[in-house]
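J.: Listed below, chain by chain, are the residues.
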Amino acid sequence: RKEVEQDPGPFNVPEGATVAFNCTYSNSASQSFFWYRQDCRKEPKLLMSVYSSGNEDGRFTAQLNRASQYISLLIRDSKLSDSATYLCVVPGGRNFNKFYFGSGTKLNVKP
Amino acid sequence: DAEITQSPRHKITETGRQVTLACHQTWNHNNMFWYRQDLGHGLRLIHYSYGVQDTNKGEVSDGYSVSRSNTEDLPLTLESAASSQTSVYFCASSMDRNYGYTFGSGTRLTVV
Numbered sequence: 067r068k069e070v071e072q073d074p075g076p077f078n079v080p081e082g083a084t085v086a087f088n089c090t091y092s093n094s095a096s097q098s099f100f101w102y103r104q105d106c107r108k109e110p111k112l113l114m115s116v117y118s119s120g121n122e123d124g125r126f127t128a129q130l131n132r133a134s135q136y137i138s139l140l141i142r143d144s145k146l147s148d149s150a151t152y153l154c155v156v157p158g159g160r161n162f163n164k165f166y167f168g169s170g171t172k173l174n175v176k177p
Numbered sequence: 096d097a098e099i100t101q102s103p104r105h106k107i108t109e110t111g112r113q114v115t116l117a118c119h120q121t122w123n124h125n126n127m128f129w130y131r132q133d134l135g136h137g138l139r140l141i142h143y144s145y146g147v148q149d150t151n152k153g154e155v156s157d158g159y160s161v162s163r164s165n166t167e168d169l170p171l172t173l174e175s176a177a178s179s180q181t182s183v184y185f186c187a188s189s190m191d192r193n194y195g196y197t198f199g200s201g202t203r204l205t206v207v
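Chains A and B supply the protein sequences, listed in that same order.
Using our numbering, read the first sequence as starting at 67 and increasing by one per residue.
Using our numbering, read the second sequence as starting at 96 and increasing by one per residue.
Since the hints were derived computationally from the structure, they do not count as laboratory data.
As the structure is a prediction and not an experimental result, all values here were calculated from the model.
Just so you know, even glycine gets a beta-carbon here, dropped at the ideal spot from N, CA and C.
Any given hint might turn out to be false.
Claimed, not checked - Restricting the straight-line Cα-Cα distance to at most 25 Å, the calculated cross-link-like pairs of lysine-lysine (DSS-like) are:
#, chain 1, residue 1, chain 2, residue 2
1, A, Lys164, B, Lys152
2, A, Lys145, A, Lys68
3, A, Lys68, A, Lys176
4, A, Lys145, A, Lys108
5, A, Lys172, A, Lys108
6, A, Lys68, B, Lys152
7, B, Lys106, A, Lys111
8, B, Lys106, A, Lys108
Unchecked claim - Examples of chain B residues toward chain A, derived with CB under 10 Å:
#, residue
9, Thr115
10, Trp122
11, Val147
12, Tyr159
Claimed, not checked - To give an idea of the chain B side of the interface with chain A (calculated C-beta under 8 Å), a few residues:
#, residue
13, Tyr143
14, Gly146
15, Gly158
16, Ser189
17, Asn193
18, Gly195
19, Tyr196
20, Phe198
21, Ser200
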């Protein structure tokens, strides 16, 4: 089983829509999680961290479900500028300092 | 401001040549990582280091090597470049597991 799995999409949504992505992970001992955003094979950039049950930052909400081992990212009131690939990241390895990346979920926000 | 820089941004090389990609960070992070990214594969870990003189193999380390002689630098060497190593390479660093990675802007390598 892969360390991290994501639905590749694409998710095609109109501006203003609410969209949610899920990500499942295999290591139940993982404590912190991250969502990254990547544009057109540029470097990934940290979007949100999730340490406990969830985190909210403006239009973005990340939630963690430890029992089912998944994290989700909810984007409300989608903007054209939200079009990107969203990567789910789960720490692992020695002392959990090595991160495993999902293959990414592509979001296209249409006018 | 602290940063992480990769050089060169673009590189074209011939099959069989040795190539070194540079990664330099001024965050004073102990942890540094090299990834490659190809269409359909996402980010795959090549090598990583948790500190000076420490290096570890990732999931796709064959044909690559790294060395860590100081905190700031983790150069990635392709011993004998192959066309299969044409890819975008990202370097990243982190303080620890609670802070996420900071990525360099990437090196686009083409092996012809």
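J.: Interface hint check: threonine 115 (chain B), Cβ to nearest Cβ on chain A, cutoff 10 Å. Holds or violated?
T.: violated (20 Å)
J.: Does glycine 158 (chain B) meet its interface restraint, that is, does its C-beta lie within less than 8 Å of any C-beta in chain A?
T.: Violated: closest Cβ of chain A sits about 20 Å from glycine 158 (chain B), beyond 8 Å.
J.: Verify the proposed pairing of lysine 68 (chain A) with lysine 152 (chain B), using a straight-line Cα cut of 25 Å.
T.: Holds: lysine 68 (chain A) and lysine 152 (chain B) sit about 18 Å apart, inside 25 Å.
J.: With a cut-off of 8 Å, does the beta carbon of asparagine 193 (chain B) approach a beta carbon of chain A closely enough for the hint to hold?
T.: Given a least distance of 5 Å, the restraint on asparagine 193 (chain B) holds.
J.: Holds or violated: lysine 172 (chain A) with lysine 108 (chain A), Cα cutoff 25 Å?
T.: holds (14 Å)
J.: Please verify that hint: tryptophan 122 (chain B), Cβ, nearest Cβ of chain A, below 10 Å or not.
T.: Where the cut-off is 10 Å and the nearest Cβ of chain A is about 13 Å from tryptophan 122 (chain B), the hint is violated.
J.: Quick one, are lysine 145 (chain A) and lysine 108 (chain A) close enough, alpha carbons at most 25 Å?
T.: holds (20 Å)
J.: Tell me if phenylalanine 198 (chain B) is really an interface residue toward chain A, meaning its C-beta lies closer than 8 Å to one of theirs.
T.: holds (4 Å)
J.: Against chain A, is tyrosine 143 (chain B) within 8 Å by beta-carbon distance?
T.: holds (6 Å)
J.: Have a go at the glycine 195 (chain B) hint: is there a Cβ in chain A nearer than 8 Å to its own Cβ?
T.: This hint holds: glycine 195 (chain B) lies near chain A, its Cβ roughly 5 Å from the closest one there, short of 8 Å.
J.: Taking 25 Å as the top limit, are the C-alpha atoms of lysine 68 (chain A) and lysine 176 (chain A) close enough?
T.: violated (32 Å)
J.: Does the CB of serine 189 (chain B) sit less than 8 Å away from some CB of chain A?
T.: OK, holds: serine 189 (chain B) within 8 Å of chain A, min 7 Å.
Of the numbered hints listed earlier, those contradicted by the structure are 2, 3, 9, 10, 11, 12, 14 and 15.
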